[in-house]
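Undergrad: Got chain A sorted already, so can you dock chain B with the ligand onto it with the hints?
Going line by line, the protein sequences match chains A and B. Going by the working numbering, the first sequence opens with residue 243, and the numbers climb by one from there. Going by the working numbering, the second sequence opens with residue 101, and the numbers climb by one from there.
FYI, nobody ran anything at the bench for these hints, they're computed from the structure. Some hints here could point you the wrong way.
Label-pair restraints from in silico Cβ distances [stated by the list, open to error]:
#1 B:Ile-164 to A:Gln-279: 51 to 59 Å
#2 A:Gln-279 to B:Gly-148: 57 to 65 Å
#3 A:Lys-394 to B:Asp-241: 33 to 41 Å
#4 A:Leu-341 to B:Lys-189: 39 to 47 Å
Going by beta-carbon spacing under 10 Å, a handful of chain A positions derived as facing chain B [claimed, not checked]:
#5 Phe-357
#6 Pro-359
#7 Ala-370
#8 Gln-374
#9 Ala-385
#10 Ala-390
#11 Leu-437
#12 Pro-440
#13 Gly-483
#14 Tyr-484
#15 Phe-485
#16 Leu-491
Here the structure is a predicted model, which means the values were calculated and not measured. Glycine included, C-beta positions come from ideal geometry on N, C-alpha and C.
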Amino acid sequence: MERKVAVVGYAMTRQASDIGVPRPIMLFELVKGLFDQMGITRDDIDTFVLCSNDFQCGRTISNVFEDTPVGAYMKDETKVEADGVMAVMYGAIRIMSGLYDTALVVGNSLGGSEFRPYLIMDYQLHPAYDRQLGILNEPVTAALQAKAYMEKYKITEDHLNKIAARLLRNAAKNPFALRGKEDATPEYIASSEYLYEPLRELHCYPFTDGACAVVLASDKRAKALTDKPVWIKGFGDSIEGYFLGDRDLSWSRSAKVAADRAYRMAGISNPAKEIDVAEISIKFASQEPIICEALGLFPEGSGAEVADRGLAEIGGEMPVCPSGGGLGAYPFSAMGLIRVAECAKQINGEAGDIQVKDVKTAVAHGQDGFCAQHNAVMVLSSEEG
Amino acid sequence: MKAGERIVAHAVVPLDFTYNYRVGQYIERYIKALGEKKIMAVKCQDCGRVFVPPRKICGTCNRILDEWVEVGPEGTIEIFTIGHVKLNKGLVEKIDKPSIIAMVKLDGASSLLPCVINGLDPEKVKKGLRVKAVFKEPPEDSLFDLDHFEPVG
Ligand SMILES: [Zn+2]
Numbered sequence: 243m244e245r246k247v248a249v250v251g252y253a254m255t256r257q258a259s260d261i262g263v264p265r266p267i268m269l270f271e272l273v274k275g276l277f278d279q280m281g282i283t284r285d286d287i288d289t290f291v292l293c294s295n296d297f298q299c300g301r302t303i304s305n306v307f308e309d310t311p312v313g314a315y316m317k318d319e320t321k322v323e324a325d326g327v328m329a330v331m332y333g334a335i336r337i338m339s340g341l342y343d344t345a346l347v348v349g350n351s352l353g354g355s356e357f358r359p360y361l362i363m364d365y366q367l368h369p370a371y372d373r374q375l376g377i378l379n380e381p382v383t384a385a386l387q388a389k390a391y392m393e394k395y396k397i398t399e400d401h402l403n404k405i406a407a408r409l410l411r412n413a414a415k416n417p418f419a420l421r422g423k424e425d426a427t428p429e430y431i432a433s434s435e436y437l438y439e440p441l442r443e444l445h446c447y448p449f450t451d452g453a454c455a456v457v458l459a460s461d462k463r464a465k466a467l468t469d470k471p472v473w474i475k476g477f478g479d480s481i482e483g484y485f486l487g488d489r490d491l492s493w494s495r496s497a498k499v500a501a502d503r504a505y506r507m508a509g510i511s512n513p514a515k516e517i518d519v520a521e522i523s524i525k526f527a528s529q530e531p532i533i534c535e536a537l538g539l540f541p542e543g544s545g546a547e548v549a550d551r552g553l554a555e556i557g558g559e560m561p562v563c564p565s566g567g568g569l570g571a572y573p574f575s576a577m578g579l580i581r582v583a584e585c586a587k588q589i590n591g592e593a594g595d596i597q598v599k600d601v602k603t604a605v606a607h608g609q610d611g612f613c614a615q616h617n618a619v620m621v622l623s624s625e626e627g
Numbered sequence: 101m102k103a104g105e106r107i108v109a110h111a112v113v114p115l116d117f118t119y120n121y122r123v124g125q126y127i128e129r130y131i132k133a134l135g136e137k138k139i140m141a142v143k144c145q146d147c148g149r150v151f152v153p154p155r156k157i158c159g160t161c162n163r164i165l166d167e168w169v170e171v172g173p174e175g176t177i178e179i180f181t182i183g184h185v186k187l188n189k190g191l192v193e194k195i196d197k198p199s200i201i202a203m204v205k206l207d208g209a210s211s212l213l214p215c216v217i218n219g220l221d222p223e224k225v226k227k228g229l230r231v232k233a234v235f236k237e238p239p240e241d242s243l244f245d246l247d248h249f250e251p252v253g
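In isolation and in its complexed conformation, chain A is listed as follows:
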């Protein structure tokens, strides 16, 4: 990267099923709090990237009510409609262009209290085909994806339950997560009701309100803004075709392409060795092994072994989602942004009870669409290099 970019500040709201305040107040308190904590004002921000979704907000051009609360009044401001990792990429690219030295990236979603996430996903279906027929919906597609992976690699529902239990235990230690359970066991997960087999209620993301803000800066400005810049070493994204029937759902080709791009840019040749912690965006427990394998964190088809041996635990070989990830909370547009902030926390040793030991390099992942049609991957590191 010719011009280096760092994460120099971050803040997130508590993720909740009902955050209890209107969106502008939530955003104002979040961003003002972050500015105060960093000792800066909105004048220190050159460009603003907002991440929200018109359909989720129930109005067109969702950012018109968001720019003033986040301090973007009369400033350079733009919007990303997809996931938060993509918004951070966009912010980083704007700084890399040389036109800006600082960027504030803010994502938010009120899927817990304001809209119905599964209904919103219905409106992503092909309007002239799948939406007419009504066969597919988000949990159906996720169940089909789960079966494709599980049948190919001989993963059982017990393995899925282990993944979900681990994530809920992690989430219980994360004060920002919405849903956690300190003593979650595979049996506890198995006691929840099936939606579409093999997916049970506790394999699925909880409907979540939440927001996250991240300040990015060029290498020129980063050190003046923080003692502990977290460097964005590489990023990539990739999108598959829409039709599920065209895709091999037992793996994620686009997540692999996105990761390969990010790793090439970051100079990473052996992700399983060089990455210390991963924060990925999964909406269903079954997506975890698929995304982890696409990101090269575990070998292909290793979901059963990873779950049985606890390799993804906070103290494991490759900790995945110490925060609890998507089973702890899934505020749509803020999701990927939170993954980036969680990686920065881990690298800076600020993760409290969910801290992984000696984190230098972390990977954040975001997704959008059915069965993670669109994937974005970002590598972060304490080393400027």
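TA: Same frame as chain A, but now just chain B with the ligand:
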């Protein structure tokens, strides 16, 4: 209003607002063929894959798909899920009788088609099971002319 209760503005977005999507020649031809109990697909002349439902462009080869081929009406269940709920405007509702939703590989097709399988005990559904298309009689010139799939024989 009880003490402590907040006022919520119910801003109704007209989700029933009708957008008049033109389905295009490809889905039109597909629907017409369903009326004759035929399932039509398109074949890419570069990569050779056969796509159903038919669409105009091959993403891999970035070219127009213009060779029409008939696929099915029989096929094989590749992936399936047993549904214990349904979604009603995004809300999860329990159902009494479990449903079977499958991705079926129609004979001659490369892609899989999302299908509802009827006439089969959910306990008996498995990968590799042969199924056949059941068409609506008389046809009504819609996608629903391909009503569902059921086991062969
Ligand atoms: Zn082709």
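Undergrad: With reference to the structure, classify each hint as holding or not holding.
TA: Now for the hints, and whether the structure bears them out:
At about 55 Å, the beta-carbon gap between Ile-164 (chain B) and Gln-279 (chain A) stays in the expected band of 51 to 59 Å. Between Gln-279 (chain A) and Gly-148 (chain B) the CB atoms are about 58 Å apart, so this pair conforms to the stated range of 57 to 65 Å. The hinted range of 33 to 41 Å is satisfied by Lys-394 (chain A) and Asp-241 (chain B), whose Cβ atoms lie roughly 39 Å apart. Checked against the hint of 39 to 47 Å, the pair Leu-341 (chain A) and Lys-189 (chain B) passes, with Cβ atoms roughly 44 Å apart.
For Phe-357 (chain A), the shortest C-beta to C-beta distance to chain B is roughly 8 Å, which falls under 10 Å, so the interface hint holds. Hint on Pro-359 (chain A) holds. Least Cβ distance to chain B is approximately 7 Å, under the 10 Å limit. With 10 Å as the threshold, the beta carbon of Ala-370 (chain A) comes within range of chain B, its nearest partner Cβ sitting at about 4 Å, so the hint holds. Given hint, Gln-374 (chain A) at the interface with chain B, holds; its Cβ is 5 Å from that chain's nearest Cβ, closer than 10 Å.
The beta carbon of Ala-385 (chain A) is positioned within 10 Å of a beta carbon in chain B (closest approach about 4 Å), and the interface hint is therefore held. The closest approach between the C-beta of Ala-390 (chain A) and any C-beta of chain B is roughly 5 Å, which is under the 10 Å cut-off, so the hint is satisfied. Checking Leu-437 (chain A) against chain B by beta carbon gives a least distance of about 5 Å; that is within 10 Å, so the hint holds. Among the interface hints, the one on Pro-440 (chain A) holds; its C-beta lies about 8 Å from the nearest C-beta in chain B, closer than the 10 Å criterion.
A cut of 10 Å between beta carbons decides the hint on Gly-483 (chain A): the least distance to chain B is about 4 Å, and the hint holds. Restraint check, Tyr-484 (chain A) versus chain B: the minimum CB separation of about 9 Å is within 10 Å; hint holds. Look at Phe-485 (chain A): its Cβ gets to within about 6 Å of chain B, closer than 10 Å, so that hint holds up. Residue-level restraint check for Leu-491 (chain A) holds (minimum Cβ-Cβ distance to chain B is 7 Å; threshold 10 Å).
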